[in-house]
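J.: With the hints as extra help, turn the sequences into a complete structure.
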Amino acid sequence: MNTPSVLWQKNPALAWREIDEATVIISPNDSVMHELNDTGSFLWKNIDGHRSATDLASLLADSYEVTSDVALADTQSLLEEMFSRKLLMPVPATDGESR
Amino acid sequence: MTTTATGPTPVMDRLIARTVHKRRPLSVHFDLTYRCNERCVHCYLDHDDHGELTTAECIAVMEDLARAGTLFLTFSGGEIFLRPDLFEILAAARRLHFDISLKTNALLVTKERVARLREFGVRRVQISVYSDIPEVHDAITKVSGSLGRTLAAIPLLLEQDLQVKLACPLMKENLLAYRGVMALAEKLGIPYVLDLTITPMMDGSAGPLAHRASVSSLLPVLHDSALHGCKPQPNAGVDGAVERSLASLGSTVSSGIESSAYEDLPCSAGHNSCYISPYGDVFPCVQLPQAAGNVRRERFSDIWYHAPELERLRGIRESHLPVCSRCEIRSYCERCPGLALMEGGDLLGAYERACELAEQKARLAGVFNPVSALHKGRTAAASYATSGGEIASLVADSSPN
Numbered sequence: 001m002n003t004p005s006v007l008w009q010k011n012p013a014l015a016w017r018e019i020d021e022a023t024v025i026i027s028p029n030d031s032v033m034h035e036l037n038d039t040g041s042f043l044w045k046n047i048d049g050h051r052s053a054t055d056l057a058s059l060l061a062d063s064y065e066v067t068s069d070v071a072l073a074d075t076q077s078l079l080e081e082m083f084s085r086k087l088l089m090p091v092p093a094t095d096g097e098s099r
Numbered sequence: 001m002t003t004t005a006t007g008p009t010p011v012m013d014r015l016i017a018r019t020v021h022k023r024r025p026l027s028v029h030f031d032l033t034y035r036c037n038e039r040c041v042h043c044y045l046d047h048d049d050h051g052e053l054t055t056a057e058c059i060a061v062m063e064d065l066a067r068a069g070t071l072f073l074t075f076s077g078g079e080i081f082l083r084p085d086l087f088e089i090l091a092a093a094r095r096l097h098f099d100i101s102l103k104t105n106a107l108l109v110t111k112e113r114v115a116r117l118r119e120f121g122v123r124r125v126q127i128s129v130y131s132d133i134p135e136v137h138d139a140i141t142k143v144s145g146s147l148g149r150t151l152a153a154i155p156l157l158l159e160q161d162l163q164v165k166l167a168c169p170l171m172k173e174n175l176l177a178y179r180g181v182m183a184l185a186e187k188l189g190i191p192y193v194l195d196l197t198i199t200p201m202m203d204g205s206a207g208p209l210a211h212r213a214s215v216s217s218l219l220p221v222l223h224d225s226a227l228h229g230c231k232p233q234p235n236a237g238v239d240g241a242v243e244r245s246l247a248s249l250g251s252t253v254s255s256g257i258e259s260s261a262y263e264d265l266p267c268s269a270g271h272n273s274c275y276i277s278p279y280g281d282v283f284p285c286v287q288l289p290q291a292a293g294n295v296r297r298e299r300f301s302d303i304w305y306h307a308p309e310l311e312r313l314r315g316i317r318e319s320h321l322p323v324c325s326r327c328e329i330r331s332y333c334e335r336c337p338g339l340a341l342m343e344g345g346d347l348l349g350a351y352e353r354a355c356e357l358a359e360q361k362a363r364l365a366g367v368f369n370p371v372s373a374l375h376k377g378r379t380a381a382a383s384y385a386t387s388g389g390e391i392a393s394l395v396a397d398s399s400p401n
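Order-wise, the sequence lines are chains W and P. Mapping to my numbering: the first sequence position 15 is 15, numbers consecutive. Mapping to my numbering: the second sequence position 127 is 127, numbers consecutive.
One or more hints might be untrue.
Stated by the list, open to error - Quick list of in silico lysine-lysine cross-link-like pairs, DSSO-like style, CA-CA up to 30 Å:
| id | chain 1 | residue 1 | chain 2 | residue 2 |
| --- | --- | --- | --- | --- |
| 1 | P | Lys187 | P | Lys111 |
| 2 | P | Lys111 | W | Lys86 |
| 3 | P | Lys187 | P | Lys172 |
| 4 | P | Lys172 | P | Lys376 |
| 5 | P | Lys22 | W | Lys45 |
| 6 | P | Lys111 | P | Lys142 |
| 7 | W | Lys10 | P | Lys22 |
| 8 | P | Lys361 | P | Lys172 |
| 9 | P | Lys111 | W | Lys10 |
| 10 | W | Lys45 | W | Lys10 |
| 11 | W | Lys45 | W | Lys86 |
| 12 | P | Lys361 | P | Lys376 |
Claimed, not checked - In silico negatives: residues of chain P with every beta carbon more than 10 Å from chain W:
| id | residue |
| --- | --- |
| 13 | Ala56 |
| 14 | Ala139 |
| 15 | Arg179 |
| 16 | Met202 |
| 17 | Asp203 |
| 18 | Val221 |
Honestly, the hints are just simulated from the structure, not real lab data. A virtual CB, placed ideally from N, CA and C, is assigned to each residue, including glycine.
T.: The structure is reproduced here in structure tokens:
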């Protein structure tokens, strides 16, 4: 699932707010609260349904002065974790589009 | 990334600490209307429409709240389902990613409406139930058949996986009914709160207080072993996300603050929570009716960050309270600054009801002869007056003729 080219979107059922560099997310179904740190918040803010892990890693590398490899590894790890917690979902592929 | 069940947890504590420190309005109680289809005898609102915010105005306020950092948004009233635009407002709240809670009497809840609540991400619904006995409940609401209709809504909400909580304000009329409400909640598998707070009207008139149960009549409730394991639940602002860990418990109070993040603050009002009336007035709390501004004249954020009323409130510390800070039984007290103002006339002061309840709770906890600072002060003053009188009398007696 977490291939670098998959586009990601936020789970639309979630309540969330970025408050002073940290992001708090609540899953309404189970009332579980998740807290993202600075890097997680950065990614969260940029997950818009149009970006892949590669795109997000590139933004991360530019903003946090880390190498592309490190940024991609961190990004994929965080995306995987957020996906496993149902905070994210992949954007369904449209007909004829390859990712 | 940190994950935790919502409740008085490290994540919530950090969130509270951060929002208090940075003065972010984390939690907002937004009354959409004061109109109501019940006429509860103890209600602190009038039921007229003096010019409610329009749909567009409500949405503009919510956009401002989202920008300011509000996460927990509670819609209440009045009866919110009397707003024909309720679902438009909820749709906007969903779009703005709020954690949404509702307070309702549930008379107008239908299967179709519940499906829409679910669609718009409503997480919790609090329903007022005064008794499991129809005659008692309906006598309080003044609507015949209201208990049956209210209870019929609960399975509809639960079927859609919405969290439901029963709220039972206790007053003279239903004082002995709380056990029935507890049993009802337990049977339904939902949390409940017993609320001992009956407040004056928002305009300060004392009408509802005639229904308030005396502290002595509340003793059986305070002594009820079924409630002893229960802890106070955090304030209305933040409790939008605290129920899960307390799901099997009830509480005899609803205004306590558990989080250590509040430290020396009297409560969350004005620090990270506030109340907005249907007319756009912004108050620190629904129980502290000192308007800081109106969203029709100013942006919410301008009121929140710059209103002198809120600045003054934020400067108050528990340790500064002239009477309560030296009270030996303060830890048993559920003092509310708003009630201190409305009932005692002093935002910083002690008031009779809180002191009486604190003494009873302290006694229940095994404190020998607990006396609040307010009552100690009165006793000392009375003693001084009495002894002063005796001296005067002796002086008079010994005066030469």
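J.: Please go over all the hints and tell whether each is borne out by the structure.
T.: Hint check results:
At roughly 21 Å between alpha-carbon atoms, P:Lys187 and P:Lys111 fall within 30 Å of each other, so this suggested pair holds. With a C-alpha separation of about 27 Å, the suggested pairing of P:Lys111 with W:Lys86 holds against the 30 Å cut-off. In summary, the hint linking P:Lys187 to P:Lys172 is supported, as the alpha carbons are separated by about 25 Å, within the 30 Å threshold. A C-alpha spacing of about 29 Å is found between P:Lys172 and P:Lys376, which places the hinted pair at or below 30 Å, so the restraint holds.
Under the criterion of a C-alpha separation no larger than 30 Å, the hint pairing P:Lys22 with W:Lys45 is consistent with the structure, at around 21 Å. Only pairs whose Cα atoms come within 30 Å are accepted, and P:Lys111 paired with P:Lys142 is accepted, the gap being roughly 25 Å. At roughly 27 Å between alpha-carbon atoms, W:Lys10 and P:Lys22 fall within 30 Å of each other, so this suggested pair holds. Using a Cα cut-off of 30 Å, the hinted pair P:Lys361 and P:Lys172 holds, with the two alpha carbons roughly 20 Å apart.
Proximity of P:Lys111 to W:Lys10 is assessed by CA-CA distance (about 28 Å); at most 30 Å being required, the pair is judged to hold. For the proposed pair W:Lys45 and W:Lys10, the alpha carbon gap of about 10 Å is at most 30 Å, so the pair holds. For the hint pairing W:Lys45 with W:Lys86, the CA-to-CA distance comes to about 16 Å; that is within 30 Å, so the pair holds. For the suggested pair P:Lys361 and P:Lys376, the alpha carbons sit about 17 Å apart, so the restraint of at most 30 Å is met.
Consistency note on P:Ala56: stated as away from chain W, and its beta-carbon is indeed over 10 Å from all of that chain's, at 23 Å minimum. Every CB of chain W is more than 10 Å from the CB of P:Ala139 (nearest about 35 Å), matching its label as outside the interface. Its beta-carbon lying about 28 Å from the closest one in chain W, P:Arg179 satisfies the requirement of being farther than 10 Å from that chain. At roughly 29 Å, the least C-beta separation between P:Met202 and chain W is larger than 10 Å, which holds for a residue marked as non-interface.
No beta-carbon of chain W is positioned within 10 Å of the beta-carbon of P:Asp203; the least distance is around 34 Å. Distance check for P:Val221 against chain W: the nearest CB is about 28 Å away, which clears 10 Å, and the non-interface claim stands.
Comparing the model with each earlier hint shows no violations; every hint is respected.
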